[in-house]
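Peer 1: Sequence:
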Amino acid sequence: MRDVVIREREELSSEELERLLTWLEEAYDEGPWRWEHWSDLGTGPHAMLSDDDGTLLAHACVDWVPVEIDGRPVASGYLEDVATRKDARGRGYGTAVVRAAQREIERRAEIGFLATGGFGFYERLGWRRWTGPTAVAERDGSVTPTPDEDGAIMALFLPQTPSWVSSDMPIRRPRRDPEEAW
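Each residue of the sequence shown is one higher than the one before, counting from 3 in the working numbering.
Derived CB-CB ranges, DEER-like:
#1 Arg91 with Trp166: 36 to 42 Å
#2 Thr133 with Asp5: 31 to 37 Å
#3 Thr118 with Leu19: 21 to 27 Å
#4 Asp53 with Glu12: 24 to 30 Å
#5 Asp54 with Asp152: 39 to 45 Å
Note that these hints are calculated values from the structure, not bench results.
Heads up, the beta-carbon is just placed ideally off N, CA and C, and yes, glycines get one too.
All chains, full assembly: derive it from the sequences and hints.
Peer 2: Here is the structure:
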């Protein structure tokens, strides 16, 4: 097994991005993703782990999202598109790409965030559930509460996370696409 490779999105060719999108659709087993999902997400850096012949085993990426916590801006790295190929699960590959992505978040942001329905995997890697209310800022400047996301957001507190930040505070981010608020 090779080491996790970090690549910025702009370093990936259009063919590589297309192959990655197809791979993610297969790994998630959800059928085709909406183009808006991929064009707005996956901005990188991408953490990728391949086997010795170069076949992708696991992937995670980070998006740099302007988040407001209790009305105050905080630089955040949003972990997304975490997946491991079905036949390679349970071998630590997902953990490896998430840890690599976490290092990128720690290097470039004040706090990390993600949305999930599976907490245990991330909790063992240091992520904590965000218990405060969630909302999104719409493109027209209005704010929409997102109660369906309450309890599904997790945070990675870092040494540089402002000391006033608490996981029970209200949090808001720009809407990421028409169908997925967070």
